[in-house]
Structures are given as structure tokens and as C-alpha cells.
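Asker: Heads up, the sequence shown is in our numbering, so the first residue is 1 and it goes up one at a time.
Worth flagging that the hints you see were computed from the coordinates, not collected in a lab. Take these hints with a grain of salt, some might be off.
Have a look at the derived ranges for each label pair, beta carbon to beta carbon [stated by the list, open to error]:
{"#": "1", "residue 1": "228", "residue 2": "159", "range": "44 to 54 Å"}
{"#": "2", "residue 1": "64", "residue 2": "246", "range": "17 to 27 Å"}
{"#": "3", "residue 1": "73", "residue 2": "178", "range": "24 to 34 Å"}
{"#": "4", "residue 1": "57", "residue 2": "97", "range": "36 to 46 Å"}
{"#": "5", "residue 1": "285", "residue 2": "201", "range": "27 to 37 Å"}
{"#": "6", "residue 1": "232", "residue 2": "160", "range": "37 to 47 Å"}
Glycine included, C-beta positions come from ideal geometry on N, C-alpha and C.
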Amino acid sequence: MKRTAVFSIVGVICSILIITGCVPADKMESKRLQVYSSIYPLQYFSERIGGEEVDVHTIVPPGVEPHDFELSAKDVIQLNEADMVLYNGRNLEPWLEKNIESIDQNQVEVVNTSQDIKALDDPHIWLNPLLAKKQAEVIKDAFVARDPTHQLTYEKNYEQLGAELDQLDQEYFDMVQRATQKSFLVSHAAFTHLADRYGLEQISVSGLSPSDEPSPQALKKIIEEADKKKIGVIYLETLVSGKLAEVVQNELKLTPSVLNPLEGLTETEMANEDDYFTVMRRNKEHLMQGLGVKP
């Protein structure tokens, strides 16, 4: 009888080990929400709002242009192990939207963070701090709905983040008030919301995606417009190399600078501990040069 009892206990233990071995390690080790974000801004907002109650993972790896990314089968498996998947929407992540049916939405909350935000036809809404605040609010509400136990934490963290976004908005507003030039030239049209918020004009070489290149005739008009408006600086990016932008730069003998659309951070930026706010403030400093703002 004793030997039978021992064998029974061993059998139960083995069964438990087999069952628990089928559960994702992160869910075994942590009761925190497991959240996957499509792009860096959503990752940052989620980390700020979720704090210690949320584990945040980003789908697009560092240094990769999200317009060109493709989901792997492994990615889809990981998304199905999450509690929540956050994406920007507005055709920024077609690679995710076409695979949403592959995610078990009875188990995984899939959140389009811009769906109910009224904005212009440009997916880069986080470059307007006030729209970024609305996007962060969508994330906060999703966290509260999924994990109401930590509602006060999520709301407190969101309020702090929102106050910082309001401050950033004021800094941009104050800078633009001192501008002598209201037009700026960029390699691709990612800054529509920023320009609209602060009364600026964006002139772009490529369209909403860096791959949307202009025809030779359109490129000629861009060069003529930039020359007519006495543009002196062209803003390039960190994740893409714009050959046509270099053509415009050389044709008009423009000074190159960088505006980061914050679709993702490079490994160097991560090593330097850059985040949404450090990059946005660096963008502001770089814009000062092109807009004729004295320090």
C-alpha cells in the first residue's frame, strides 16, 4: 500500500510538471499583464502607464523600419500568448492587420490605439504631443479594463505622463513662436501632425512611407518649391537612407540634419538610454536650425 501511495504521488507530481511545462514561462513567473506593442512609441507609453504591473514587448526589432516589417510564424505564436496586443493602425502596420484573424481574440485583447482619434491622414500621430496623450489614454483605458485591480496605478501613471506631454507641447509652441521660417523640408512625410499642431508647413520628398518616391516631374517641383521658400536645411532620418533626399540636398546645397519620426529606436539610441521625450526634444533642437530660431 505504501509503495502504491508513493507511485500515486509521483504520478501527480509528474502530471503537474507536464501541465506547467505547457504554460509560457513569462506567465508562470509573473502575474503582470503581458503586452505586445507594434512600435516603439506604444511600447514607451505602455511602460510608463503600466509600471511594475505590465511586461511590455515590442514586435518590430530595434533599428528596423516598421513600414517594411513582416510577421514571422514565431511572432504570431508569441502574440497568441499575450494578454494584449497594441498597434497604431492607420495603415502603418499592414503586416499586423492582415494577420489579426490569426490571433485568438477570445483570449488576447487587440487594441487599435488610434481608431477613435480624429486626426489627419498620417499614421505618425504620436509626433503631436496632444495626440500622443490621447493615444496614451486609449492604452490606459485598455489596461484598466483588462486589469481593474491596478486601476489607480494606471490612472496615476497616465496623469503623470499626460502632464509631461502637455509640457512638451508647450515647449514646441514656445519655440515656434520665435521662428522666422515656417516651412521645413523632410525626406518623408511623417511630420504632418507636428506641422499641423504648430502652424508649420511640411515639404516632403517621399510620401507617408519612405518607399513612396516621387516621379521625376514631382521631384523637380519639390526642388523648385524648396528653393522658392529659401529652405536651408533638409531633415533626414535614422532608420532609412533617402537617396532622393540626397539628390535634393546636393541640388540646393542644403545643410543636412535629422528629424526622427520615432517609429523605432536604433541600438545606439537604446544604449544611450534615449526615450520618447529625449528624441522629441532633440527633434525640437534640430528644428530650430531649419526654422531660424536662435538658441
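Asker: Now, for every hint given, state plainly whether the structure supports it.
Answerer: To see whether the hints hold, each was checked on the structure:
no. : hint                   : result
1   : 228 to 159: 44 to 54 Å : holds, 46 Å
2   : 64 to 246: 17 to 27 Å  : holds, 22 Å
3   : 73 to 178: 24 to 34 Å  : violated, 52 Å
4   : 57 to 97: 36 to 46 Å   : violated, 19 Å
5   : 285 to 201: 27 to 37 Å : violated, 20 Å
6   : 232 to 160: 37 to 47 Å : holds, 38 Å
Checked against the numbered hints listed earlier, the structure breaks hints 3, 4 and 5; every other hint is satisfied.
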